[in-house]
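Number of protein chains: 6
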Amino acid sequence: MATTKAPEHRFIDQMQPGEQLADQVFLVCKKDLRTTTNGGLYIHLVLGDRTGQLLGRIWNASQQQYEMIPDGGFLCVRGRTESYKGALQFIVDGLRAADKGTFDIGDYIPRTKHDIDKMWTEVLAILRTIKHPLLLALIKEFVKDEGIVEGFKRAPAAVTNHHAYVGGLLEHTLSVLTLATRVFGKNDDSDSHYPEVSRDLVLAGVFLHDIGKTAELTYDTNFTYTSAGQLVGHITQAAIWIDRKAADVADATGQPFPEDLQNVLTHIVLSHHGTYEFGSPRLPACLEAIAVHYLDNLDARLNMALSAIEDARNADSDWTEYARPLETKVFKKNVMGLPKK
Amino acid sequence: MATTKAPEHRFIDQMQPGEQLADQVFLVCKKDLRTTTNGGLYIHLVLGDRTGQLLGRIWNASQQQYEMIPDGGFLCVRGRTESYKGALQFIVDGLRAADKGTFDIGDYIPRTKHDIDKMWTEVLAILRTIKHPLLLALIKEFVKDEGIVEGFKRAPAAVTNHHAYVGGLLEHTLSVLTLATRVFGKNDDSDSHYPEVSRDLVLAGVFLHDIGKTAELTYDTNFTYTSAGQLVGHITQAAIWIDRKAADVADATGQPFPEDLQNVLTHIVLSHHGTYEFGSPRLPACLEAIAVHYLDNLDARLNMALSAIEDARNADSDWTEYARPLETKVFKKNVMGLPKK
Amino acid sequence: MATTKAPEHRFIDQMQPGEQLADQVFLVCKKDLRTTTNGGLYIHLVLGDRTGQLLGRIWNASQQQYEMIPDGGFLCVRGRTESYKGALQFIVDGLRAADKGTFDIGDYIPRTKHDIDKMWTEVLAILRTIKHPLLLALIKEFVKDEGIVEGFKRAPAAVTNHHAYVGGLLEHTLSVLTLATRVFGKNDDSDSHYPEVSRDLVLAGVFLHDIGKTAELTYDTNFTYTSAGQLVGHITQAAIWIDRKAADVADATGQPFPEDLQNVLTHIVLSHHGTYEFGSPRLPACLEAIAVHYLDNLDARLNMALSAIEDARNADSDWTEYARPLETKVFKKNVMGLPKK
Amino acid sequence: MATTKAPEHRFIDQMQPGEQLADQVFLVCKKDLRTTTNGGLYIHLVLGDRTGQLLGRIWNASQQQYEMIPDGGFLCVRGRTESYKGALQFIVDGLRAADKGTFDIGDYIPRTKHDIDKMWTEVLAILRTIKHPLLLALIKEFVKDEGIVEGFKRAPAAVTNHHAYVGGLLEHTLSVLTLATRVFGKNDDSDSHYPEVSRDLVLAGVFLHDIGKTAELTYDTNFTYTSAGQLVGHITQAAIWIDRKAADVADATGQPFPEDLQNVLTHIVLSHHGTYEFGSPRLPACLEAIAVHYLDNLDARLNMALSAIEDARNADSDWTEYARPLETKVFKKNVMGLPKK
Amino acid sequence: MATTKAPEHRFIDQMQPGEQLADQVFLVCKKDLRTTTNGGLYIHLVLGDRTGQLLGRIWNASQQQYEMIPDGGFLCVRGRTESYKGALQFIVDGLRAADKGTFDIGDYIPRTKHDIDKMWTEVLAILRTIKHPLLLALIKEFVKDEGIVEGFKRAPAAVTNHHAYVGGLLEHTLSVLTLATRVFGKNDDSDSHYPEVSRDLVLAGVFLHDIGKTAELTYDTNFTYTSAGQLVGHITQAAIWIDRKAADVADATGQPFPEDLQNVLTHIVLSHHGTYEFGSPRLPACLEAIAVHYLDNLDARLNMALSAIEDARNADSDWTEYARPLETKVFKKNVMGLPKK
Amino acid sequence: MATTKAPEHRFIDQMQPGEQLADQVFLVCKKDLRTTTNGGLYIHLVLGDRTGQLLGRIWNASQQQYEMIPDGGFLCVRGRTESYKGALQFIVDGLRAADKGTFDIGDYIPRTKHDIDKMWTEVLAILRTIKHPLLLALIKEFVKDEGIVEGFKRAPAAVTNHHAYVGGLLEHTLSVLTLATRVFGKNDDSDSHYPEVSRDLVLAGVFLHDIGKTAELTYDTNFTYTSAGQLVGHITQAAIWIDRKAADVADATGQPFPEDLQNVLTHIVLSHHGTYEFGSPRLPACLEAIAVHYLDNLDARLNMALSAIEDARNADSDWTEYARPLETKVFKKNVMGLPKK
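So the sequence lines, in the order shown, correspond to chains D, C, G, U, H and X.
Per our numbering: the first sequence = residues 27 to 367.
Per our numbering: the second sequence = residues 27 to 367.
Per our numbering: the third sequence = residues 27 to 367.
Per our numbering: the fourth sequence = residues 27 to 367.
Per our numbering: the fifth sequence = residues 27 to 367.
Per our numbering: the sixth sequence = residues 27 to 367.
Hints listed in this document are in silico derivations from the structure and should not be mistaken for laboratory results.
We put the CB at the ideal spot given by N, CA and C, even for glycine.
Incorrect hints may have been included.
[To be verified] Taking lysine-lysine and the BS3-like style, the derived pairs with C-alpha atoms no more than 30 Å apart in a straight line are:
1) U:K359 / G:K212
2) G:K179 / G:K126
3) H:K56 / D:K57
4) H:K157 / X:K359
5) X:K179 / C:K355
6) H:K126 / H:K56
7) D:K139 / D:K166
8) C:K179 / C:K212
[What the hints assert, rightly or not] To be clear about the criterion: a stretch of chain G counts as covered by chain C if any three or more of its residues have a C-beta under 8 Å from a C-beta of chain C, and this derived list gives those stretches:
9) 250-260
10) 286-295
11) 299-310
Chain D with its partners taken away, still in its complex shape:
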């Protein structure tokens, strides 16, 4: 049988009760073989795509059916949606393995809405405006490191709090870099709002502040912490990488990398969470560390609130659900008649 391209994916967050679906591929997040009260078997499934999760059920199931369902893999199904306890569930009437190539893996892992390569190009363009030659050389060592860059372009910015999607770290970093150029000068510091603050150090600090997340998180199938991430953490990881790259610059120039410069840059990364409670072993103690901490937070917090609003878009309430990192619900009513949101 020819494996034909599956029809366009019907996303979970678009579904309504009462839909008939055919040839739809989902990620199998969980499967269970259960006994009904009159002794028959049924399979309980949790299906997923990048927009959410969906409960599925297969009545009158068999052990063979159960075994052919790939746990953590992709399944092609036919069936209909119902409302159950106020949420949708999907009653599966037919199923088969989902052949590779018949679906787009990008439909199943949440991912930035922006073009990753284009964003990376923009990041590079901003970094190129750094004037200090050794700082620029250090940044170039990172940009030349294919392993880091590969991760940097794919990693989420966090597991749950903000920019929690493939490309999120890049999107967040680009946003803060752009914000920094708005505040400290587009191409150089001639029109900086705070001329006493080193634009070069701020840009370098923003670029590196979360770069350790490429080692702290896994992001191929789902977003979790690596053992390295849990044992060492992205903040210390970045400090170690700066040390390695500074050694590389020293090798290239034949001069020791300036100790003060390395220390300040490391300090900006170490202190960017702002408080000990949030895992920073140092508090911001120079102008640039203060700047990076607040710009990073401004962007991350607005993204958290925007995500909360987006997730709650269709609800009647003027408020989102409780957003844990903000310690509050978010008021989402458009009191200004803004056209965009």
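With chain D's structure known, arrange chains C, G, U, H and X on it following the hints.
Frame of chain D, contents of chains C, G, U, H and X only:
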């Protein structure tokens, strides 16, 4: 005797040991008549100008001399500087009342380095870019209130932490307003970095966030809290004023001021300290409240660090003294070879 | 068909397994149409009255039945009770719309056990003993405000913590007012336990301390926060109302309301939660603010503990469930042989 | 030489600059022999009475003079007062030992303004209204313990925070007991504001809550912690004493003291500080523990504020100094025209 | 029918899906009679043994069957295991009462792996090395108290955190005592690592630090707090017992027990949690209190981590589940190639 | 004039009032030229040695004298001691430069009482018992690094809290290493108290836990933080060094250093402060991290308490001064009749 203009004021932070000074006017911060160990009298003084304080002593003093020194007023003195316990002290050899008009009161109270009227004009220009008619009308009610505007142009932004000088509130507010236009658009939101955030609400919120400080602080002779400031606080004061001005707008338009709009604007002010511990009775719970909180903090914290650096400019150390609101010393070494600081 | 009065309501907290009920009206808190494992339909309900909630099920249901059940409205049912997972559930055998007038809405929302009008009369009697004419005039402005008084008589004192029922705010306020007269004098301060404390200010502060809750909470169908409540909060709301009423007094007398008096009264309200963590933007800083804070807490905490004991009355244990606001379980064993509890 | 009665003591808080004093007795808090800058000797003294401390100086002193001054004892002096650094100092012109009997020791240690025996009689009268025979028997064991009662009548309620004077513990305990009878009934619980709360347990708990302070503090010469106080603390001390007295009751009745009753009473004492941070190993978990905690705090906090106001009586400001236990200054302006304070 | 010995107990943590079991006895933790969707009855059970809990179901059940199942007692069942929602469930095909004597109660309550009497003998051997005669006498009073010793040999060290099994308190105490002899000397202090620290006081303090848990916890059927435990707590309980035993020593010797010694020993117990937040009313303030606090914590925390590792032994992950008292997951990968774990 | 060896140094903590001293060398911590009240000059000095500081005065001084006194250097003086404000002061009658070689620099900086080289030998002996070849190789890279070892042998363990003297880091590390061998086995883990814990990892972790302090602190003239110390901190510094040394091992073996092993070792160092508040970016999450944290604290806290006791040795009180890091005074009374302390 004709009262001639005193010679240019010799500022306390410029003085060196061993200077001979004549016809110098100082603010008398404290005076004391004391007995020396061999039974004579001397007067212990604390003299001040806008750059700091100076210990003064008058040996072989008399009760009459003591009584003619105006406590909290201005005194014209002649004498010489010495080093005492690592700090300067001033040995007074002659003194007389300081005639009004012979000195510039601006030399004695710390004051913004910028032109107050020019800054106010810039604030008005930014506020005029608010598009929402009722919000603009509300802001105009504040701008029309001479008592508030008079205070707004003179008040410090805080007693000690940041912008603690005459005109500091205005300087800080203008800086955050300008910062807001860099982030959310110069004249309108067409080039905002965050188009989902209402530029109008951010600008109005920034303008009003600390306006209650005009009632919370006194700032004619020194900076302290008023009774109203201690009992009610600038945050609640601003909420009350917004209510009054909204009523004024309603009177003018014949329509009740939109409740949601007043609530959101009040919320931005109430929550701008960011945490309960810092006296905010609400946590930021809308996009604009988050934006105002972080922009305000970015500007205030950078100003704290810059002040710490400025106060410590001549010291040998690479670090300032401990800056309490930052919970750290500030590293002030110019590791980037910046020309400006 | 004549709508006859339904039989006396059988309250949920009185029900036992195995009861047959007919013509019983319940509030429909939630409804769900579900598929049974063999393909039939059933309806899952959550029914409520003022004493609690009850799970209901309708087997062999139809879509039409499902649609005629009013979500958030009242339903008249016939059926029987069962024990399910240690809790009751109700198997519905018949149902019809509940005609207005056939049931008492007061059976469905929890409500003070006391007579609301009688309590309000007592509050007024106590307030009339305030001697200071301007303070009394200010209080009268509140008493004349029908919107506020209407809310004051119906609002709960809190969403969950204490006095969480219709009339709870009034009951709590009356209790603290009475407590205050016990401590500071029944009719005047001639037999006050603390003559240095202004009885007038304490009484006014107690009356107003939670009055903002009338705007902070909704309490017609269930108890939740309004948008105004979440954005502004009852504490700031009361400060704004005091400002408005003081203006009304000033209009009436032709004299500005004394600023200090308004500030102190506002301070008592602002600080009555006692700590920043609990949302007070000021800490109690005058005798009367200290008095109101502790009397309010004494009454609220005892009510929390009493509610915990009441809710747990039939259980075997000597302890109630964990009472979150008290951070502990409550010991309810009668070790003293008290007859009342 | 006949020792005649010294003239009435001139209290330190009454002194003005420029007074001539003779035959005045002071407590010597500190003495120092120092060299003047031209080689002579002088003695630096800190003199005290129950109203405060005073700096003293003896010019042209000798070693013999220095040695005859009793450190921690009483000295009779002649001399004059001066203003020094805004505070008074006393220049001693003559001195001799203060003969016992020529001065009243009560002038030198701060002490309750009330009659100690009269207060104790009132405490006993209230305790006698306890109805529960075993609880009453337990209380009687404490009342019969002369060592405890002796301490109870003299101990301060705290080293610095509140009621920090001889008799302060008794004064505070009586005040809270009286407060408790106002709330829970004068002679029995027939007119209690909270009939569900055991009046007997509240009274017993109030009586015992701070009784361990008699062992925790010394209060003969000054107020400090004993070693037992620092190692064990008054809260655990009271728990141990309750255990001993319960054993005494059991001995007397031949019946074991009811375990639950001892546990609840102990719990009230253990939890009366209200939070772990303040040294309570338990949080209030029964009605009576809640009642004792809030009544105790109401009385202690009002006393702190009143002491702050009293200490600051003559100052110009409307505010007292910062009162550390209240975490604020206290507003002391009489906005109500109260005649008493 | 002869009741024969049941076959060896099949422990819950060993079971796999698809097992057939007969004549197996379990503790009945919960039972429920429920209606299936087609009107039949089934019984929902929670069965337990010392290794965990298991969901059970009896299809086509009757009311009689339901009633014969002993709630909180032991049931003998026949049936088969299934996988349900990723966990096992047990389908009961037959059941009867479990005759006493046919099963070992030790299989149903978690219990130390070590021999209780052997551990107790070791504890006694270590305590006998205490040299100070009065301290030794005090300890002997505890050892002679059969009620305490009985509890001490059976109590868990905590309800959930560490050593939460019968004999856990004894196991933990012995471990810390042994640790103490490693640090402070095996038989005396001649080879102590810290000769300034009293080995006697450390040993006595370790023995008594948690002894109050014998009164704080129940541990016959499950592990919960007693009323005494919740009202008074094990820390204060131990202080009271020390007071009683010191009185017993005094009776025996005819000399008052040295107050300082009792205070220091009591202090070690009171302060062993180390912070107020963890319920210690005192902070460690002598060398021995510091030593006991850290040795106790070292042992308890390692036990928590080891338990977390043991509970997670078969999982794929390198990390255990989140261990609440450690505020982290535990890394359990054997990076050193250790043979033992 | 021949510079002869100065007489034995008279240490500041041994001095009594009324001593005549000659040819005594002190460190000049501070110098000041001041005017006496009758116009003459005197010099105010702070002199120091390793046991403390002493106020000095030179009456009838000249500018020349003042200038010849080396600030921060060594001065040879003659004079006498006096009591001033309860503290000693030293009246200088003669002074001259202190010739190098005439005094022992070790008398002026506090220093461990133990032999540094002997302690280092003991450390090496313990480290040699590490069995894991790569871990041993990594440790050897540190031992081969002369810069680190030089610092390790001289650095204090902290600026003020504990082991604050030259050699303190080495002394503390050796003490914890020895402690670790007592707990985890003398030569190998065959007699470990916790066989599940890797003795090798604990030893390596203890050795490295504070090694970053060699870069964090300066300790030649006094103990302060370096810029690197304040910007980066000893914890991150150690993580960076481990990364470098692991790279060195990889270079030597031609194999990448095992990532897990490096991560776990780094984790032990990162988490050894135990909480975020104390600057650890990770919480202890493996057995060895828990062990290192508690052994480190046990040793450091006992040292703090012992130092407090030693500093307070001659006082009358049973208590030391308040020891800030312990948040308490320390009880130092010998209640056990111990001969040693």
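Outcome of the hint check:
Distance restraint check for K359 of chain U and K212 of chain G: the Cα-Cα separation of roughly 25 Å lies within the 30 Å cut-off, and the hinted pair is therefore satisfied. In summary, the hint linking K179 of chain G to K126 of chain G is supported, as the alpha carbons are separated by about 24 Å, within the 30 Å threshold. For a cut-off of 30 Å, the pair hint linking K56 of chain H to K57 of chain D stands: about 27 Å separates their Cα positions. For the proposed pair K157 of chain H and K359 of chain X, the alpha carbon gap of about 19 Å is at most 30 Å, so the pair holds.
For the hint pairing K179 of chain X with K355 of chain C, the CA-to-CA distance comes to about 29 Å; that is within 30 Å, so the pair holds. The hinted pair formed by K126 of chain H and K56 of chain H meets the criterion: a straight-line CA distance of about 20 Å does not exceed 30 Å. At most 30 Å may separate the alpha-carbon atoms for a hinted pair to count; K139 of chain D and K166 of chain D meet this at roughly 27 Å. Annotation: proposed proximity of K179 of chain C to K212 of chain C holds, straight-line Cα distance about 23 Å (limit 30 Å).
Beta-carbon proximity to chain C at under 8 Å applies to 6 residues in the segment 250-260 of chain G; the threshold of 3 is reached and the given coverage holds. For the segment 286-295 of chain G, the assignment as covered by chain C holds, since 5 residues bring a beta-carbon within under 8 Å of that chain's beta-carbons and 3 suffice. Coverage of the segment 299-310 of chain G by chain C holds in this model, with 7 residues showing a Cβ closer than 8 Å to a Cβ of that chain against a need of three.
The earlier numbered hints are all upheld by this structure, with none contradicted.
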